[in-house]
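Position chain B against the provided structure of chain A, taking the given hints into account.
Residue numbers (the numbering used here), protein chains in the order written: chain A, 2 to 336; chain B, 2 to 336.
Watch out, some of these pointers could steer you wrong.
Stated by the list, open to error - Derived coverage of chain A by chain B (criterion: at least 3 residues anywhere in the stretch with Cβ under 8 Å from a Cβ of chain B; other residues may be distant): (1) 101-109; (2) 133-146.
As the list claims (entries may be wrong) - A few chain A residues that face chain B, going by a derived Cβ cut-off under 7 Å, partial list only: (3) 73; (4) 95; (5) 96; (6) 149; (7) 150; (8) 151; (9) 153; (10) 156; (11) 160; (12) 166; (13) 171; (14) 292; (15) 294.
As the list claims (entries may be wrong) - Derived DEER-like restraints, expressed as beta-carbon distance ranges: (16) B:330 - A:118: 37 to 43 Å; (17) A:280 - B:96: 55 to 61 Å; (18) B:196 - A:118: 45 to 51 Å.
Simulated from the structure, these hints should not be mistaken for laboratory data.
C-beta atoms are modelled at their ideal positions from N, C-alpha and C, and glycine is treated no differently.
2 protein chains.
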Amino acid sequence: MASIADKFAHKEVFVTGGAGFVGSHIVDRLLLYGARVTVYDNFSTGREEFLGSALPHITLIRDDLLNVEKLTRSMLNMSFVFHIAANADISKNELDPTKCFYQNTVATQNVLEAMRLNGVREIAFASTGSVYDEGSVVPTPEDVHIGMQSSPYGASKMAGEVLIQAYSSMFDMQAHIFRFVSLLGKRYTHGHIFDFYKQLRADPTRLTVRGNGKQNKSYLLIDDCVDAMFFALENSSRDVDAAGNPKKVHTFNLGTPESCLLNDSISYITSHLGVSPVISYTGGDRGWKGDVPFIFLDTKRINDLGWKPRATIREAVVETVKFIDENRWVLERGK
Amino acid sequence: MASIADKFAHKEVFVTGGAGFVGSHIVDRLLLYGARVTVYDNFSTGREEFLGSALPHITLIRDDLLNVEKLTRSMLNMSFVFHIAANADISKNELDPTKCFYQNTVATQNVLEAMRLNGVREIAFASTGSVYDEGSVVPTPEDVHIGMQSSPYGASKMAGEVLIQAYSSMFDMQAHIFRFVSLLGKRYTHGHIFDFYKQLRADPTRLTVRGNGKQNKSYLLIDDCVDAMFFALENSSRDVDAAGNPKKVHTFNLGTPESCLLNDSISYITSHLGVSPVISYTGGDRGWKGDVPFIFLDTKRINDLGWKPRATIREAVVETVKFIDENRWVLERGK
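Same shape as in the complex, but just chain A:
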């Protein structure tokens, strides 16, 4: 079996959202493997700072995935696409479900069609554990019956997944779909730690928490997530269907073997910062409409291939706080 570095060495690799939290880590890894990387990003949440030392070594295209002509031209000669760009700020999707649909579903269709027109045959896609909504089985495995989408975000990602399935089957592509839990770590730009850090910086004696603090969530350190993605790409030939045949689409949950209450996460943050705020809760079991109060993924499929995460949720939370502490500019320009 060729190593993962051999797979990507000297290859033309296209990364949508390559200037973002997740995408920029993938870019770093690809450069390490000797790939020739093209980043396509509209910089709606991406930052040039995240590309940092990678910047001189990549081709950077500043444009939107809804610009079909530019996207299609840009994908000439590519051999692999990491489709990471997304509207991932879940809690705001209620306000503009159409934006979420265009940025997550239509953009994915555009990527797939550009791949088809350019003969690009491999895609890795950043999906989400939110597609399970309130899983009928928890921890939730990949092949559970998915009954209902309750948020535009989960729906827009699920729609992206089914489009990828159809293109893979119809046009002989090979796909890897990764359903992430919430990701933490360096270059984190939005989410509860971001919100809490901002509040505590303004006033370390008070903290307002949406919901009741008992939302039970899973988190994964970005370094572990990227490790898992490349591990899966290297080892997925062993992920076969029930008849023992290779799959056109490999779907992997990525997460830690633990979940934590929002209140636990708050205690990790406040104890790291050395503050003891009075906490007030907005109430209800959800942080926002469409929030899923218990997300915990069964990661047996990738664990059985041999991967497991290195960081605990507590370590991931603390690393995130440290990153914000050392990079306060993300607060000023973040969402």
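Coordinates of chain B only, in the frame set by chain A:
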């Protein structure tokens, strides 16, 4: 319980694709119930002839669902939407998957967003048994794990379904999703009977069949289908979730308790027409790339509410041939 006629009497009802095969039958029924009907159709496959005697009694808007401004304005004051318009010519989707995506998925998003902006809270959606792809269980029940989409058509409809789920949950809508088998009967405009009739009219001694003739499919007469839809709308309060609570989204398979081989269907057609063609097969177990060779839906959910179809598949096939025979103009202008 109010009767279904009471539910729709004097109500403003919006029917997308209301000039098409399925939509026009729904329009007829709604007029019978005393509804005030607005048909929104781009006449890509719809026909004024299908509206026939209904035409003077409806508001007809000739436009495309991708015209968001027109669609949104048109939905003012509506209380119920039948979203029936679709690109349903499955066998051609391979050639233009983007068109299929826009006409089935983006159009559905546009309908949902227009409903949200106009405060319309009820939708009935024409989906398809194709969303099950090659079901892991046959006959296939509604709550099976759906593993993979292999065609742009199935994917585009599945994507439409998940968008409806999210809007229903997030914006307090009530949805009915109907997963049809292939429909037959009056106003039928495309499909295998159409193709065979055309061939046999040109030369009754020869018939070319795509695949091996052993594709195993299910069919439902349009009259039974429309009966089932209104029956479900009248009785779905009894379709509750596992905890006994009402559902935001009711999903119903609609089909007959039998399936038939393509060769059986051919024998119904040729014996009705009194011809004995030499049949040549193009070979393979599928009619086209992405064709699902065995579709058979488990309709227990709606049967348990008390509905069952009246026509057999054979009767539905014969009625379709009779319709084409008596309305040959559909051949000339059909696809």
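I'd like to know which numbered hints this structure contradicts. Please list them from smallest to largest.
3, 5, 14, 15 and 18
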